[in-house]
Amino acid sequence: MPGRLEAIHYESGELVQVELSGGKIERMTRLDEERDNQPWIAPGLLDLQINGYQGMDFNTLPIASGMPQQFTRALWAEGVTSYLPTVITNSSEAIAEAVVAIAAACAADAYTDYAVAGIHLEGPFISPEDGPRGAHGKAFVRPPDWELFQRWQEAAQGKIKIITLSPEWPGSAKFIEKVTASGVIVSIGHTSATAEQIREAASAGASMSTHLGNGAHLMLPRHPNYIWEQLAQDQLWACMIADGFHLPESVLKVIMKVKGERAMLVSDAVQLAGMPPGEYAPHIGGKVVLTPEGRLHLADQLNLLAGSAQMLLRGVEQMTRLKLCTFAEAWNMASIRPRAFLNGNGKELAFGAGTAADFVLLDRDGDSLRIRETYVQGVRV
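Residue numbers (UniProt numbering): 1 to 381.
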């Protein structure tokens, strides 16, 4: 384990010497010399919403013993050092089984415990309508239930950190107040809520929009509608899937312009990410198609996506390729900002001395990125 290394800082573009100690970056010093073939250094990526990867899935039960540990290690090659395993709409018993398995894996493995920043529960308190529901199973969609959520949280040993719901259900505001008071982030998603219901949810404590612009009707009133209203609520941080399929360039640009430093990137990757093209029959029912271009859609409805088959690194590349922002800004939307959001105060130390030594060394070839090495707590993993 090197206690010292040299690389190009992802924000300044300057060559720096990085000294590591006790799992943190002890010192970062700018060097005046130039070196050939130096990698770039950047903070590890944090994915707020990831369901699966390379055939592994947090929603296919039973979750095999050791799978979350294997998943954590597989993500290192993608530059992801922290993530929220995402459990989607299912039966009450299935959700409990999934969160129990994740919590057990964290207890059994220090690296997984460190990497898992919490569990993202995406559903089942979402819209039952076709379109907003996306690929979630309609049979398991249900209204918010505080006692049921508490049972899941107990089963998860308190690790549920984000819950995605639709505030269209009666009593949603009261539920949101209780959930946020318990320290869990409420995110609006898979919704057909009215503008008034969105405003009420934000006032009750909702603070995030899950993959804004996706999980929606194919056709909406020009105004008001639930996308405009979420954009207009300043306290809502917005997550975007910038995989080249979920959102067009113009929508990415508008979300960034409106949300500013509250715009973040997620992968929403499912188990087919990293798999060969073809037709698959995942656990959620029905068939999906992964195209050679990497687009994942329902087999019988080409216009409805079934999650993303691209990783977070692809989103950073896409934002940079489209020239919607600088490389550093795109990287921050997938690393620094999500960490600041999870901290709850919206503030995060700039990547440098005093921060956790969770970082990557990468090569840049135009807009293409390649991870050379990933470090967790100062250890090359």
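Hints listed in this document are in silico derivations from the structure and should not be mistaken for laboratory results.
Please note that the accuracy of each hint is not assured.
To be verified - Here are the simulated lysine-lysine pairs, DSSO-like style, with alpha carbons at most 30 angstroms apart:
#1 Lys-178 / Lys-161
#2 Lys-178 / Lys-253
#3 Lys-174 / Lys-161
#4 Lys-161 / Lys-138
#5 Lys-287 / Lys-257
#6 Lys-138 / Lys-159
#7 Lys-253 / Lys-159
#8 Lys-161 / Lys-24
#9 Lys-138 / Lys-174
#10 Lys-24 / Lys-178
#11 Lys-287 / Lys-323
#12 Lys-161 / Lys-257
#13 Lys-174 / Lys-159
#14 Lys-174 / Lys-24
#15 Lys-323 / Lys-138
### Message
Checking one constraint from the list: CA of Lys-178 to CA of Lys-253, max 30 angstroms. Satisfied?
### Response
34 angstroms, violated
### Query
Regarding the pair Lys-174 and Lys-161, is the alpha-carbon distance no greater than 30 angstroms?
18 angstroms, holds
### Query
Does the structure keep Lys-323 and Lys-138 at a Cα separation of 30 angstroms or less?
39 angstroms, violated
### Query
If you draw a straight line from the CA of Lys-174 to the CA of Lys-159, is it 30 angstroms or shorter?
OK: Lys-174 and Lys-159 at ~22 angstroms, within 30 angstroms.
### Message
Can you confirm whether the C-alpha distance between Lys-178 and Lys-161 stays at or below 30 angstroms?
### Response
Satisfied, since the Cα-Cα distance of roughly 14 angstroms is no more than 30 angstroms.
#### Entry: Hinted pair Lys-161 and Lys-138, Cα distance within 30 angstroms
24 angstroms, holds
### Message
Hint check: Lys-161 vs Lys-24, CA-CA at most 30 angstroms. Holds or violated?
### Response
Given pair Lys-161, Lys-24 holds - Cα atoms ~24 angstroms apart, limit 30 angstroms.
### Query
Is the hinted pair Lys-24 and Lys-178 satisfied, with a Cα-Cα distance of at most 30 angstroms?
36 angstroms, violated
#### Entry: Pairwise hint evaluation, Lys-323 against Lys-287, where the allowed Cα distance is 30 angstroms at most
35 angstroms, violated
### Message
With the threshold set at 30 angstroms, check whether the alpha-carbon distance from Lys-161 to Lys-257 stays at or below it.
### Response
27 angstroms, holds
### Task
Assess, step by step, whether the Cα of Lys-138 is no farther than 30 angstroms from the Cα of Lys-174, and give holds or violated.
24 angstroms, holds
### Query
Within 30 angstroms, alpha carbon to alpha carbon, are Lys-174 and Lys-24?
This hinted pair is violated, its Cα atoms lying about 41 angstroms apart.
Hint violations for this structure: numbers 2, 5, 7, 10, 11, 14 and 15, all remaining hints satisfied.
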